[in-house]
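Protein chains in written order, with the working numbering: chain V, 1 to 209; chain C, 1 to 209; chain W, 1 to 209; chain G, 1 to 209.
One should not assume that every hint holds.
To be verified - For lysine-lysine, the following DSS-like pairs were computed, each having C-alpha atoms within a straight-line distance of at most 25 Å:
(1) 52/W to 52/C
(2) 62/G to 62/W
(3) 52/W to 52/V
(4) 38/G to 52/G
(5) 52/C to 38/W
(6) 135/C to 38/V
(7) 62/G to 38/G
Calculated from the structure, these hints are not laboratory results. These figures come from a predicted structure and were not determined experimentally.
There are 4 protein chains.
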Amino acid sequence: MQSRSPAASRPGRPRSAAADTAILAATRAALVELGWSKLTLGDVATRAGVAKTTLYRRWSGKNELVVDAVAELFDELRLPDRGSLAADIEGVVLQFAAILARPEARSGLMAVVAESTRDDALRERIRESIVERQKRLVVEGRARAQARGELPPETDPADAARTADLIFDVVAGAVVHRTLVSAEPADEEWVRSFTRVLLLGLGSLGGAA
Amino acid sequence: MQSRSPAASRPGRPRSAAADTAILAATRAALVELGWSKLTLGDVATRAGVAKTTLYRRWSGKNELVVDAVAELFDELRLPDRGSLAADIEGVVLQFAAILARPEARSGLMAVVAESTRDDALRERIRESIVERQKRLVVEGRARAQARGELPPETDPADAARTADLIFDVVAGAVVHRTLVSAEPADEEWVRSFTRVLLLGLGSLGGAA
Amino acid sequence: MQSRSPAASRPGRPRSAAADTAILAATRAALVELGWSKLTLGDVATRAGVAKTTLYRRWSGKNELVVDAVAELFDELRLPDRGSLAADIEGVVLQFAAILARPEARSGLMAVVAESTRDDALRERIRESIVERQKRLVVEGRARAQARGELPPETDPADAARTADLIFDVVAGAVVHRTLVSAEPADEEWVRSFTRVLLLGLGSLGGAA
Amino acid sequence: MQSRSPAASRPGRPRSAAADTAILAATRAALVELGWSKLTLGDVATRAGVAKTTLYRRWSGKNELVVDAVAELFDELRLPDRGSLAADIEGVVLQFAAILARPEARSGLMAVVAESTRDDALRERIRESIVERQKRLVVEGRARAQARGELPPETDPADAARTADLIFDVVAGAVVHRTLVSAEPADEEWVRSFTRVLLLGLGSLGGAA
DNA sequence: ATGTAAACGAGACGGTACGTCTTGTCTTAGT
DNA sequence: ACTAAGACAAGACGTACCGTCTCGTTTACAT
Chain V
1 MQSRSPAASR
11 PGRPRSAAAD
21 TAILAATRAA
31 LVELGWSKLT
41 LGDVATRAGV
51 AKTTLYRRWS
61 GKNELVVDAV
71 AELFDELRLP
81 DRGSLAADIE
91 GVVLQFAAIL
101 ARPEARSGLM
111 AVVAESTRDD
121 ALRERIRESI
131 VERQKRLVVE
141 GRARAQARGE
151 LPPETDPADA
161 ARTADLIFDV
171 VAGAVVHRTL
181 VSAEPADEEW
191 VRSFTRVLLL
201 GLGSLGGAA
Chain C
1 MQSRSPAASR
11 PGRPRSAAAD
21 TAILAATRAA
31 LVELGWSKLT
41 LGDVATRAGV
51 AKTTLYRRWS
61 GKNELVVDAV
71 AELFDELRLP
81 DRGSLAADIE
91 GVVLQFAAIL
101 ARPEARSGLM
111 AVVAESTRDD
121 ALRERIRESI
131 VERQKRLVVE
141 GRARAQARGE
151 LPPETDPADA
161 ARTADLIFDV
171 VAGAVVHRTL
181 VSAEPADEEW
191 VRSFTRVLLL
201 GLGSLGGAA
Chain W
1 MQSRSPAASR
11 PGRPRSAAAD
21 TAILAATRAA
31 LVELGWSKLT
41 LGDVATRAGV
51 AKTTLYRRWS
61 GKNELVVDAV
71 AELFDELRLP
81 DRGSLAADIE
91 GVVLQFAAIL
101 ARPEARSGLM
111 AVVAESTRDD
121 ALRERIRESI
131 VERQKRLVVE
141 GRARAQARGE
151 LPPETDPADA
161 ARTADLIFDV
171 VAGAVVHRTL
181 VSAEPADEEW
191 VRSFTRVLLL
201 GLGSLGGAA
Chain G
1 MQSRSPAASR
11 PGRPRSAAAD
21 TAILAATRAA
31 LVELGWSKLT
41 LGDVATRAGV
51 AKTTLYRRWS
61 GKNELVVDAV
71 AELFDELRLP
81 DRGSLAADIE
91 GVVLQFAAIL
101 ARPEARSGLM
111 AVVAESTRDD
121 ALRERIRESI
131 VERQKRLVVE
141 GRARAQARGE
151 LPPETDPADA
161 ARTADLIFDV
171 VAGAVVHRTL
181 VSAEPADEEW
191 VRSFTRVLLL
201 GLGSLGGAA
């Protein structure tokens, strides 16, 4: 969705707000049924009850459309306050895994990431709409853990940012890899093991599971 | 590449061994120039100096072809013996990051993973050709660390397998996410930080970088 | 060319009228250069400056297209009034022979007739577009000869139709066979001999040529 | 079938005589089932229990093969002695019509004639194998009619040849056009009408049918 | 009996065209 | 100015045949 400057009352028939919603919903439905590679913009337009022209007027192509359709899914994520850092991490990872279990996310997310390796504008759009937007969970979680005394307060803000990035890559990467590449469920047992490694390191795995 | 039963001398003209090599090389070249979504099998055939039919006789489609072309890249990975578990991990992660920095891997790998979310046969092929094949690095690395006394020996073999899977998901996932999603280089500094978290846990990050 | 019901203003962009003309002309040009069997629809589309889809939207295949392209050639035929039945026949047969001497007619006509032996819809299309349309020449010629008193008026209309069919088969068949099978020119001398046989019968051939 | 110079015992394995027979029969069977345009040499080879190479060793392509396969059909034609020229003509025309009613002849004959408009070697082959070979019927029929006194003896041999060609074109052309273009049966009634016109001319049609 | 040479079956090969599909643009008429 | 509908140019898709080739095997004749 490209922002229209002041959205001030421009001449002519205004754009239908309902169309945007219908198109994004139709995109997700098509992702579920067909997957990314068999999804066609003509089909999405038909499902949304909209002409292809309308669709192209608002998005420049399939990739941008899918990014927007998928990005909405991740806005559901909430950081629960379960009383401890470990419990908080487990909670948010399980939510993340649940989203990745939905076919519209599975197929769409990896596809646009793949496309973004050759399209800088697309990569920036993904970063804005998905990555940076969810990084808030790491920042909040760490602040809460520091308040509880579970983690030391950081000194250098640049260092803090670098650390947040690292944690985000480790957490998101592990869940995505488990779910999409290894194709195994990120269930409660796995999440507990993962959280222990994250907090204590590999050495902690020696003892009881 | 599908295994021909015993390759026993069947009647008719035998398949050209050179064609396989040429096709896979052409596929990688096309991935570099065009990326996955603009790669066409007709173009690959032309680059390889081969007819489209020859290509379809050996691979059932673009996805299978790209899996094979990309899988060969990861066979270069070696587990160096650098004297400590941390150093070994850093070494192999840097190699992995170097492969993911190559455009033929970046574009191809995520795309086939995306496709595999809707194609079980493809997912199995990826697992066989890439995931399980490289999991050897985790197994070897752990054995070496246990020999050094850096990690406790495992007792339950089922548990050992589960742990290897977890480590693989964490390592591979983090590097892939850093490289392709966050689109930041997995350079020596990042690899050191990552390895420290992996071995010691989040708490270790408080002190000096 | 399939008639669109009332061609009433249907929604959407109307079909380009220029495309039809360009396609049929391109088809004839391709018949001249390549002949029927090497004519490809992709090539016709390119020559006409039109996409293949546009072509397939209007014709169901090569045969239908060639029938339409060839049929237009025969619409040039005119029945001259040369004062006698013999002279009229000679005139129209020479025109017919001249058309069959053109490569776009030679190659196309026989080919679609051959195809029509296994395709009833195609046969009907040929009959409508070519055969029945030119049968007018026989009907007009006979009426004129009857007006001159050269032929007796017919009594039974069904019999008249049967006779017109017979004459058409004899005339068209002889010229086609001479031109395409025997591959000899249907020149003035031949046409004179043929007309004499047609009017007077084989016995008339005994005397002077 | 290209004649091998002296067929003298050349070295090496001799060509299988059975293969020729099987291939021509398979060609006719394929013409019946598929028609000319869908007949493929690979399919003919399979039907004949023969490799494609064997087929190409003997015929240079589809057209040559079909000419040979169809030519054999016309060798069945016999000139009956029914006592009068009219009866003789009717007899042989009915035989000719019967052959053209068979699907292997219908589809194949016109197709190769169409192809021959752009291939001089093919036209010559058709003339040799089919046209000139059956022209004997005209020559014999005329000789018999002259012996009976129904036709005057010819004086100029060149003129006689020209007349035989004309008659052949008229008879063969009319039957082919009736059968394949008009797609009406050349039944006894039609043959009687046609023979009357041929012998007596158009004027004879005025009276009773 | 052995050697030589061509024909044989099988099927892979480089090509070309097929008819369909999707893309992104364009042109109409209707709102 | 916006919409729905659909035609348009472009070009990839995966399949089918083409006619050629490369195999290993078979069949004849001439030593």
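Hint by hint, here is what the structure shows:
no., hint, in the structure
1, 52/W to 52/C, "21 Å, holds"
2, 62/G to 62/W, "20 Å, holds"
3, 52/W to 52/V, "21 Å, holds"
4, 38/G to 52/G, "17 Å, holds"
5, 52/C to 38/W, "22 Å, holds"
6, 135/C to 38/V, "32 Å, violated"
7, 62/G to 38/G, "11 Å, holds"
Hint 6 alone, counting from the list given before, is not met by this structure.
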